[in-house]
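Both chains are sitting in their own frames, so use the hints and assemble them into the complex.
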Amino acid sequence: MIRISLRVIFCLSLLLINSCSYVWVPDPIDPRLPKYTEKGYNTAGALINGKLWKSTVEYFLIGGAIDVPQVLFFPNQDSLVVNFYGKMDSLSNSTVTVSFLLKNTQVNGWEDMIQLKGEKFTIDGTANKAWVIPGYSFYTVPCPSSATGQLYIKYFKVDSTAGNHGIIMSGTFSLTQNDATCGSYQVTYGRFDYVF
Amino acid sequence: MNFFCTIFFSILSVSCCAQIYLFAGGQESIVRNKVLQGSSPIFSSHLGLGITMPLNHLKKISISEEIGFIKKGYHQNIGGDKFEMRFTYFNGQTILNYKLKPWVSAKVGVNYAVLINANIKKSTETYRPLDIGLVGGFNFLETKDISFYAHVVYGLVPMLKYYNIDATGNFNGTINDLKNTCIMVGFKIKLYDQNKP
Numbered sequence: 001m002i003r004i005s006l007r008v009i010f011c012l013s014l015l016l017i018n019s020c021s022y023v024w025v026p027d028p029i030d031p032r033l034p035k036y037t038e039k040g041y042n043t044a045g046a047l048i049n050g051k052l053w054k055s056t057v058e059y060f061l062i063g064g065a066i067d068v069p070q071v072l073f074f075p076n077q078d079s080l081v082v083n084f085y086g087k088m089d090s091l092s093n094s095t096v097t098v099s100f101l102l103k104n105t106q107v108n109g110w111e112d113m114i115q116l117k118g119e120k121f122t123i124d125g126t127a128n129k130a131w132v133i134p135g136y137s138f139y140t141v142p143c144p145s146s147a148t149g150q151l152y153i154k155y156f157k158v159d160s161t162a163g164n165h166g167i168i169m170s171g172t173f174s175l176t177q178n179d180a181t182c183g184s185y186q187v188t189y190g191r192f193d194y195v196f
Numbered sequence: 001m002n003f004f005c006t007i008f009f010s011i012l013s014v015s016c017c018a019q020i021y022l023f024a025g026g027q028e029s030i031v032r033n034k035v036l037q038g039s040s041p042i043f044s045s046h047l048g049l050g051i052t053m054p055l056n057h058l059k060k061i062s063i064s065e066e067i068g069f070i071k072k073g074y075h076q077n078i079g080g081d082k083f084e085m086r087f088t089y090f091n092g093q094t095i096l097n098y099k100l101k102p103w104v105s106a107k108v109g110v111n112y113a114v115l116i117n118a119n120i121k122k123s124t125e126t127y128r129p130l131d132i133g134l135v136g137g138f139n140f141l142e143t144k145d146i147s148f149y150a151h152v153v154y155g156l157v158p159m160l161k162y163y164n165i166d167a168t169g170n171f172n173g174t175i176n177d178l179k180n181t182c183i184m185v186g187f188k189i190k191l192y193d194q195n196k197p
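One line per chain: the protein sequences are W and L, in this order.
The first sequence lines up with residues 1 to 196 when you count with this note's numbering.
The second sequence lines up with residues 1 to 197 when you count with this note's numbering.
Pulled out of the complex, with its shape left as it was, chain L reads as follows (with noise of 0.2 Å):
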């Protein structure tokens, strides 16, 4: 994978006057529900790699695109019993960067993301495996080599497909559930700038 990735973005960088950066941070991760008892959010990791990319007519817009790697979950608190659900994505970005002024920038884009692994077992058989959801939020400072952004991720894929049984063991159709919504802060350090000598 590491090895597929250097070879994307060098290509990319050699083609267009490029910036590639790492970024780290913390998100924390909500899971909007309507059938879980006593959830509350999770403190959480991201980490990364991602390339930007002006576009030539355009002055005040670039695009980025992101790969790497978030953690999403929830805590649940059920008759005193606690329980932290924890899900690894691999995460890709695509987003549209707007410079509001030199030093900020609004950004929108699409995020998805491959479940990869949980704290909990057979995650497959009962998560989807595929989240999908829309990016908005800023980024800071871009012009110089560490920057920071802030950006929300809105989930609108439901992660949960199960049975709803009653207390008395019916089943009442099925439940789509669970999506998750990231308020994500990190900063970037930059790896390669094709505009800098």
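Chain W on its own, in the form it takes in the complex (with noise of 0.2 Å):
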């Protein structure tokens, strides 16, 4: 009895796992980036100085996880701050975070994150800033300035079953770069389609 249960444990285990892993659909236009979908399959990509960059979620039994966008309100500044993780496939193991600070956008918590939807955020370095950031960065920026661009919330679903959140996401981007301590980067066909 006690067997079939901790089968029965870990099949569960692992279809949990595999459900919230990523699903990568290459794009019928460009193969080397994922397609653009609404499904929640979490995953992102663009193309960062021509190269590709992937951002491929996953979790593990053990624990962990990897690639995990994060979102981070701050409602006493009115702001909200967007991280992407993901690799450069031309460097081996090389993440590189694309990070976004989103002014006035009265998104105090997840709850009012559907406010979003359809909304395309002009990154013009003041007010709404971004940053393609070599290696993992969570709430420091070691750039000193913002690059300009665009980010394109298309796609925003309640799903009480997806994620931790009940959340998918879906969008477009791009982003100019050129700072000395960061780098020079230029961000072109940029999309996701996370669960959060």
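Just so you know, the hints here were simulated from the structure itself, not pulled from any lab data.
Note that this is a predicted model, so its numbers are computed, not measured.
Among the hints, a few may not be true.
According to the in silico footprint, chain L covers these stretches of chain W (three or more CB under 8 Å from chain L) [what the hints assert, rightly or not]:
#, stretch
1, 124-132
2, 165-175
3, 186-193
Think of the CB as a built atom: it goes at the ideal place given N, C-alpha and C, for glycine as much as any other residue.
Next up, the structure:
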């Protein structure tokens, strides 16, 4: 009986892990990139200086996960931070963070996030900022100057069966950064489809 | 599926002066498009079963119905990275044959194919499941037990319906593109001929 229960628990755990991990569907026009989807496939991709940057969220049985995106709320400052983590295909194991700081969103928590559906944020370097940061960056931004570009949250769905917060968020982004500390990056064809 | 096909062809073969044949061959699969960078054709195979039924009053004309499997697709070389897209279709053709000479007949018809598999994840979410095209070509030595054919299938339905996303991330309508063209050659082996004793 105990054996059967353990087996069931093991199988259920595997199922749970698989359901959270990424699905990489290649873009039909440029198969280096993930296809733009609105299914919660837990992937993102972009061309950074013409090379593939890809984010594929994976959860592990023993614990831990990689490339899990972050949304941080700062209600006192009326700002929101969105971090995407991924790796450059051209450099083995080299994580690059794409970070957005959005002001005046009037989003204080996950319950307000639906307001962002269809919003196209212009990253101008003053109100809305963004950075391309080599390595993992959680709360601190080591680059003095912000990038310019765009973040478009095209799709937003509340789905109680998905993720911790039951939210699927998809969209696109592009950035141009010229920074002495963090480097010069041209981010094009960015797209994401994450479960939060 | 095999059971229904067997029944279908058995009934037809009894009801008219039919010929049943197996066909197999290869094709160059080309995807006509305006959106893919660095695409090139692939070479693949097809296999199927067909029946030809002569029309009683018109001696030179016959109708063929064929079903089978075909692989279509393309290669793509983009930024030095190479990709191969292969799509397997369940395929049907309705063809009108016109005997030009005792050893050659011209054929025209319609091809309809259903996407059943691909080497791409979630392919049915990206590509249209139905492909319809026109067929034109020639049959050679049809009176023999082994005959040959060459024909072109010119796809009319775009395989792809997808967002047109620019480098910045703006959506500019949709892309309806990627039409199949297959240049096919192969042979037929006659399995049954009602005219033969």
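Here's how the hints hold up against the structure:
no.	hint	verdict
1	124-132	violated (count 0)
2	165-175	holds (count 4)
3	186-193	holds (count 4)
The structure fails to meet hint 1 from the earlier list, while all remaining hints are met.
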